[in-house]
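There are 2 protein chains.
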Amino acid sequence: MKFIVQVCFLISSVFVLSQTNEDKLVFKKIFDTALTNSSSYEMLDYLSNEIGPRLSGSLGAERAVEWGRKELLKIGFDKVSLQEVMVPKWVRGPKEFALIETQPGITFDVDVCALGGSVATPSVGIKSNVVEVNSFDELVKLGKEKIDGKIVFFNRPMQPNLVSTFQAYGKAVDQRVNGAIEAVKYGAIGVIVRSMNLRLDDYPHTGTMNYGDLPESKRIPAAAISTNSAEKLSKLLKINPNLKFLLRQQCKTFDDVKSYNVIAEIKGSKFPNEIILVGGHLDSWDIGDGSHDDGAGIVQSMDIINIFKKINYVPKRTIRVVLFMNEENGLRGAKKYASVSKKNNLNHIFALESDAGGFTPRGFSFTTDSNNFDRIEQWKPLFEPYLIQSFEIGGSGADIALLESKNNVLAGLRPDSQRYFDYHHASIDTFDAINKRELELGTFSMASLIYLFDKYGIVK
Amino acid sequence: MKFIVQVCFLISSVFVLSQTNEDKLVFKKIFDTALTNSSSYEMLDYLSNEIGPRLSGSLGAERAVEWGRKELLKIGFDKVSLQEVMVPKWVRGPKEFALIETQPGITFDVDVCALGGSVATPSVGIKSNVVEVNSFDELVKLGKEKIDGKIVFFNRPMQPNLVSTFQAYGKAVDQRVNGAIEAVKYGAIGVIVRSMNLRLDDYPHTGTMNYGDLPESKRIPAAAISTNSAEKLSKLLKINPNLKFLLRQQCKTFDDVKSYNVIAEIKGSKFPNEIILVGGHLDSWDIGDGSHDDGAGIVQSMDIINIFKKINYVPKRTIRVVLFMNEENGLRGAKKYASVSKKNNLNHIFALESDAGGFTPRGFSFTTDSNNFDRIEQWKPLFEPYLIQSFEIGGSGADIALLESKNNVLAGLRPDSQRYFDYHHASIDTFDAINKRELELGTFSMASLIYLFDKYGIVK
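Residue numbers (numbering that gives the first Met the number 0), protein chains in the order written: chain A, 0 to 459; chain B, 0 to 459.
Extracted from the complex, chain A is given alone in its bound form:
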């Protein structure tokens, strides 16, 4: 008996060792292919430079859907389909205009852009005094008396002394999302919000905002102001609290329009009913070309099967690439995908999203139980030679979060976050801000993780 146990132990050790060696070899093959023979950069070049901005409901978004469908067919998926979804259609209109007037005839230019979903100002703009605040609590303290008829200026900066810039974003973005609905309670006629940007520069950063249940007639215009302009306004307010701010923007919300998630599938050779999903969001904001947010995630996801084909890896499980529509201002694509999946009892055992920029990958964040996380941690030595070192429990991605169940694992790629908010939702989120190697290292990391989940499944 002891002998048998020993032999079994030996066999299983040899098995584990040979598996590990095989995995190492596959990682190397994926790495070599990603860094020398992948299509991520070329695909992103096309998406960014030939299609460009692709806000939900725009012609750019329509073109992106058609491009995605055709590219995925070229890659050789078994099936590529479009999943219909109604999305909001918000249009920025002509370039916004704003200035500070410290006294009649003495003005200072500032850089602004409307927040996504905002209403327009009257065609001549709004012009009023400004109240600067750092939080919603300050609104309460100031009250209607001090705010009524004025423009509220939210100027709380992103906190610089946090390693994760996403954490800093999370602590500041309430001003952008809910600034208008909070300020209007006290009679504000408009809000301007310091851009979600850790640098001092001249680029306003847009992003979604909402009015909750506020009737249309009560909605007030909301704009982002560049960090340099925010500093300027704040300094001028200290000299002249009675200065006036003029804001003019002509954005408009139309009726919802039809759009699509793009879904490509390659059937699993052994467990076709176990689905592994990888994706990002195809829509972008309208002022850059969305290369980092989320063109990078789109092409990295699309390129994985390309790489598997090049290294002759045949997935055991069904791999689905999903290009989600409307992450930026509604998550309609994600909601539609999740509800259809639920209705059809689809078994997504693993889903991975890349939506944090095309920078050097540092690791992954997981939504999972401890059994699966323990196993994931055992995989770390495979990633470490490639400097993929951070594996943590945390969020995954906005588009896949709704797929969470007790029977699956969700993950998000975590690239270096230091530069992300330099570009995020700004006009400089463009292809020239992408480094080819960094993008490809992300593709490699994702393909390798997908390979492991495909080979080993999840712990049940």
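Simulated from the structure, these hints should not be mistaken for laboratory data.
Quick caveat: nothing in here was measured; it's all calculated off a predicted structure.
It cannot be assumed that every hint is accurate.
Copies of the same chain look alike in the list, so a pair counts if it works inside one copy or between any two.
As the list claims (entries may be wrong) - Within a straight-line C-alpha distance of at most 27 Å, the following computed DSS-like cross-link-like pairs (lysine-lysine) qualify:
id : residue 1 : residue 2
1  : K28       : K342
2  : K170      : K27
3  : K231      : K379
4  : K315      : K341
5  : K251      : K315
6  : K170      : K23
7  : K28       : K170
8  : K184      : K237
9  : K459      : K170
10 : K379      : K23
11 : K170      : K69
12 : K341      : K73
13 : K126      : K308
14 : K27       : K309
15 : K266      : K231
Following the hints, put chain B in place on chain A, whose structure we already have.
Chain B alone, transformed into the frame defined by chain A:
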């Protein structure tokens, strides 16, 4: 006895725990100061934009020395001194010119720059056929018959499928350093070398080359060619192997001139004879402003004592900041510093160099024995919350390597290397390529490591 041992164990555990907690707190203070109240970025702005290029022997280098001395005095070191050293003086002269002529009158522009130390061409340039090679072995195979009278074109790219771009650099840079001296053996009249750059772009990257003992009359001109131009030349050679290449450059080596290492010191409060050195190199190449190479390392090193003063940390050991002269083309400053230190029996227990760019820090590389490395590894948990995760045995930095002894530890900061060779020795190594947060994270990492070595010394 058992009781006493237990009590001792308890006391020592409590001690270790309280030390660790104190270290955590100091790390947090250093981090907060580096990210919210440091001078690294401002100092680099001045060095890069007001002084600019500072090749050894140039007026820029002289100004940098004077700036460094004054800045270090302002920071409040006990003593700031200049250590005289004779350095080479090589001058590029007017902009280089090159073109490809596929037939008389049909020409193609290419982007080139002289390699540092190269001789000039005749004033009308050299014009000849081109032999493309990937290695010195190929020169041997081609022999004098095929090379004599021609220009040798070294076109082996940096290997893309290596995680560390420095490793890729190490495997390609022989072409730049020794290309001329190898090619001249077979009668070549000049060499052009593919730029040490992983991207395809239009920027030639300079860098040092040498002629060994070759008498002046035998030296042939050597230039770098941008990666795009290298690809162009290679493609045209396939169509027309008889094309001609024209190169004109008017660089010149003058007699050595006097320059300086800048040395600033703050005496240790407890162990004044134990020196901890931190530094980088003050000289840069002449075609950018050397923001990454090595302005970043200079200001990070200078800023450490700034930060210690702000958090009221008084070093136990003597901290020396050294701004080395002439790393790029001679290492004369490093050699001088090492020889004077040896003569004076200076006890450098630890030396740290930052000379790998101002990008997000990933960790440190150490030259040390296993006892010290074991202890360094115990410090990892202090760094990991800040995503400083790589600690490895390896090189330190060119300027401090000569200080190696059995009784000290050397280290190099290891930032993310993916973008470094996009800028390295090129005209685009300028201040706009620096991200403030990434630079400051480097300063934090270095200050924290210096703090630990100052507090605990080295294991003997």
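Checking K170 and K69: alpha-carbon separation at most 27 Å within a copy, between copies, both or neither?
Neither way: K170 and K69 sit 40 Å apart in one copy and 40 Å across, limit 27 Å.
What label fits K28 with K342 when the C-alpha limit is 27 Å: within, between, both, or neither?
Neither. Shortest intra-copy (38 Å) and inter-copy (52 Å) distances fail the 27 Å Cα cut-off.
Cα distance capped at 27 Å. Does K266 pair with K231 within a copy, between copies, both, or neither?
neither (57 Å within a copy, 43 Å between copies)
Alpha-carbon proximity between K170 and K27, which holds within one copy, between copies, both or neither at 27 Å
between (39 Å within a copy, 19 Å between copies)
Between copies, within a copy, both or neither: which fits K315 and K341 at Cα up to 27 Å?
Result: close within a single copy only, 23 Å intra versus 64 Å inter.
At most 27 Å between C-alpha atoms: does K231 with K379 qualify within a copy, between copies, both, or neither?
neither (47 Å within a copy, 42 Å between copies)
From the Cα coordinates, with 27 Å as the cut-off, is the pair K28 and K170 best called within, between, both, or neither?
Classified as between; 21 Å across copies, 41 Å inside a copy.
Within, between, both or neither, where K170 and K23 count as close if Cα-Cα is 27 Å or less
between (40 Å within a copy, 23 Å between copies)
Intra- versus inter-subunit Cα pairing at 27 Å for K459 with K170
neither (36 Å within a copy, 46 Å between copies)
My question is about K126 and K308: at a cut-off of 27 Å on alpha-carbon distance, are they close within one copy, between copies, both, or neither?
neither (60 Å within a copy, 47 Å between copies)
For K341 and K73, with the copy left unspecified, which applies at a CA distance of at most 27 Å: within, between, both, or neither?
neither (29 Å within a copy, 66 Å between copies)
My question is about K251 and K315: at a cut-off of 27 Å on alpha-carbon distance, are they close within one copy, between copies, both, or neither?
neither (48 Å within a copy, 64 Å between copies)
Against the hints set out earlier in the document, violations occur for numbers 1, 3, 5, 9, 11, 12, 13, 15.
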